[in-house]
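Build the full structure now, drawing on both the sequences and the hints.
Here the protein sequences line up with chains A and B, keeping their order.
If you're matching positions, the first sequence starts at 1 in full-length UniProt numbering and goes up one per residue.
If you're matching positions, the second sequence starts at 1 in full-length UniProt numbering and goes up one per residue.
Calculated from the structure, these hints are not laboratory results.
All clues given are correct.
Okay, the calculated beta carbon distance ranges per label pair: (1) S236/B <-> G269/A: 48 to 58 Å; (2) A382/A <-> Q29/B: 36 to 46 Å; (3) A382/A <-> D123/B: 33 to 43 Å; (4) E353/A <-> K229/B: 41 to 51 Å.
Calculated pairs, SDA-like style, for lysine to any residue (alpha carbon to alpha carbon, straight line, at most 20 Å): (5) K32/B <-> N231/A; (6) K32/B <-> S399/A; (7) K335/A <-> P191/B; (8) K323/A <-> R18/B; (9) K124/A <-> I233/B; (10) K32/B <-> E232/A; (11) K20/B <-> A325/A; (12) K227/B <-> F228/A.
On the chain B side, residues computed to face chain A include the following (Cβ under 8 Å): (13) A14; (14) V15; (15) N30; (16) S34; (17) M35; (18) T74; (19) Y187; (20) T189; (21) L190; (22) M194.
No experiment lies behind these values; they were computed from the predicted model shown.
Note that the Cβ used here is the ideal one computed from N, Cα and C, for glycine as well.
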Amino acid sequence: MANRNCRNTLHLLKRSNPFSHSSPNPSLLPSSSPLNSSPVSKFSIFGTPFHQNPIHLQPNIFHSDNKALSFFYPFRISLETKQWGVGVQNRCYGSTSGLVQRNPRFSNLNDEDVRYFEGILGAKNVIQDHEKLISANTDWLHKYKGSSKLLLQPRTTHQVSQILKYCNSRCLAIVPQGGNTGLVGGSVPVFDEVIVSLSSMNNIISFDKVSGILVCEAGCILENIISFLDNEGFIMPLDLGAKGSCQIGGNVSTNAGGLRLVRYGSLHGSVLGIEAVLANGTVLDMLKTLRKDNTGYDLKHLFIGSEGSLGIVTKVSILTPPKLASVNVAFLACKDYSSCQKLLQEAKRKLGEILSAFEFLDSQSMNLVLNHMEGARNPLPASQYNFYVLIETTGSDESSDKQKLEAFLLGSMEDELISDGVVAQDINQASSFWLLREGIPEALMRAGAVYKYDLSIPIENLYNLVDEMRTRLGNEANVVGYGHLGDGNLHLNISTSKYDDKILSQIEPFVYEWTSKHHGSISAEHGLGLMKANEIFYSNSSETVQVMASIKNLLDPNHILNPYKVLPHSLTS
Amino acid sequence: MKILVAIKRVVDYAVKIRVKPDKTGVVTQNVKMSMNPFCEIALEEALRIRESGLASEVVAVSMGPTQCIDTLRTGLAMGADRGIHVEFNDALYPLSVANIFKKLVEIEKPSLVILGKQAIDDDCNQTGQMIAGLLNWPQGTFASKVVLDKEKQVVTVDREVDDGTETVCLNLPAVITTDLRLNQPRYATLPNIMKAKSKPIKNFTPEDLNVEIKSDLEIVEVTEPPKRKAGVILSSVDELIDKLKNEANVI
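Have a look at this one:
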């Protein structure tokens, strides 16, 4: 018995352990979590327990509507009995901005509309099935729920164009949807908007091995692109927890940040071209594959981060960096926040060209993960520390990178910036360190209700907000802070047993006011969506927002694209 | 009492293995190499025995090219006291490894030799047994529990076998090979990585040890396992029964 193939044995034996769910690049927890919650379907029905990297198979299998079904299946009963979110219930947990009225200018969907769509797309791509619509209507956090009666699955840009042209003429509101992993209610309908899912547009169009430029359709799942590039010896400049479900079109439309931004910059830098469809059906072909192109206004940037409110992104071209051979991960303990900050400064100086991630979490976050995530193991159990930092380096030479990292770590230890630390000796250990950082969102979900804030704050003041929030809320809630310290991005999460208006009124608008006062942004990488549409003024002047509204009016005069989101309701309805 | 632990440098278990186009082996260039997971477990067990006061020294042994020193440093950072590197740049097969080990045992005189039950690259599962055979020592393979009695000079080993757990009692000196459930290996902490830098690693060649490396094995071809076919969705129970009967031939 003992002499079976041991690579497989290891996977098999460890399958109850979340480490083994991780691919070599171990970051798929938030997205894959609902799938992980039904391991039976993963391993016995669809999965191949003896496969090297089971997780790579999963997106291919689940990316159709079945994914959404199995995704929500465990929750379905409660979904139907509880009154969640907004829309017909006119109720929103996400924000005190609260009540949104359906815009009366929008038409109601009728049978003729459905027949028209069936004519364009074929009947099987026009979905009215109740169960499929429940999942498409509900966001990942189960916080927002719309009441759309129709889900469309176009396969080509031309079909998207036809859909939009028709909806525009009928004044039917639309919500574009990718992997539906957004956290601010941007990807689900608020009322009865028609859902246009890009899932079926999932082809990779071309890849240039010399320049590293990839062109693909918007519905490609990030992890599938990552696997594709891996075979070609390249990586995506973007990596985030939801990669097993999220789609590149959604990533671009929300200007997703993620774990490697500190190294590769934002999508405004790596996206070279976009094809987008405007509300009236016009196809804007800006799908260039050039690094340099100064010819007039660079309009593609309007579609990066505008959350589908100006047009639907249908194709993307991205500059991808080559995959480097040497990746090292260290997990470190710091006694206070100021040490974390100094460590970041030193890391930028001394690890410079190889630094690829600098993440931090506080002890409250660590405890949450250790308590709620199966397989999470404290690498530094000897003592309780206030802060933990995860550093990843990526470079071309294993021995020199490791030497450099170790010299940096030992130096920082002598300078007492680090209290203790461990360095991963193999990929499995690296995955288990990443689990501690990436498992936090899922651990929070398991702990109960959670209020999530994604803020950019000058690094110096970043953690003060967490301290102040803790003082403010006292014992009523568990306030945790973690995030991409290298980018000045704090994820402030407030965990309570249930959603409660009293607590919410303690948090908002305080958190926005505080952020604004300290020259931060109320949305670093999640976007505004429905949750923060009315809070935009905390981060932008009224003149700026006015120009945004003019652009919206120009590109989508009927405001049919992703209504009630991004811009304040007063300006768009 | 001294414990000798074998640690092997292999392609990291999380790496997707690629077969060389000429089918002579797997691609190892530019591929992450790490310590064999079963060897990590062997080393962890040795360290625990030492920490419980039943052994005084743990010596890690690795055989292969110069880069094995990195693997030895990992072992030293986990807590081994010193390392032995037997340098050899060509393929090493279990019998050669066992022969070298026999010589090292004669030099080091350990009471216990602990190895992983097998390496995840060639999956041979032979080295531990061969060492025991060559030394004429008792062996406890696929250990899931190890209890050492220093006074009686015996070690009790729970073995994972097909029909359950078998408990064997071995007189020291003995050879133990470790299975996956024996323990969870520790991480290398920064202070220990620092200490490891000054720990000695002794270098030998097979000639130094008077071992002639030869193999009775010839690798004919290395190929990938056949690709798994996509599943099909059936529409009825009858269809399923039909498939099970006529295609899978299982009912």
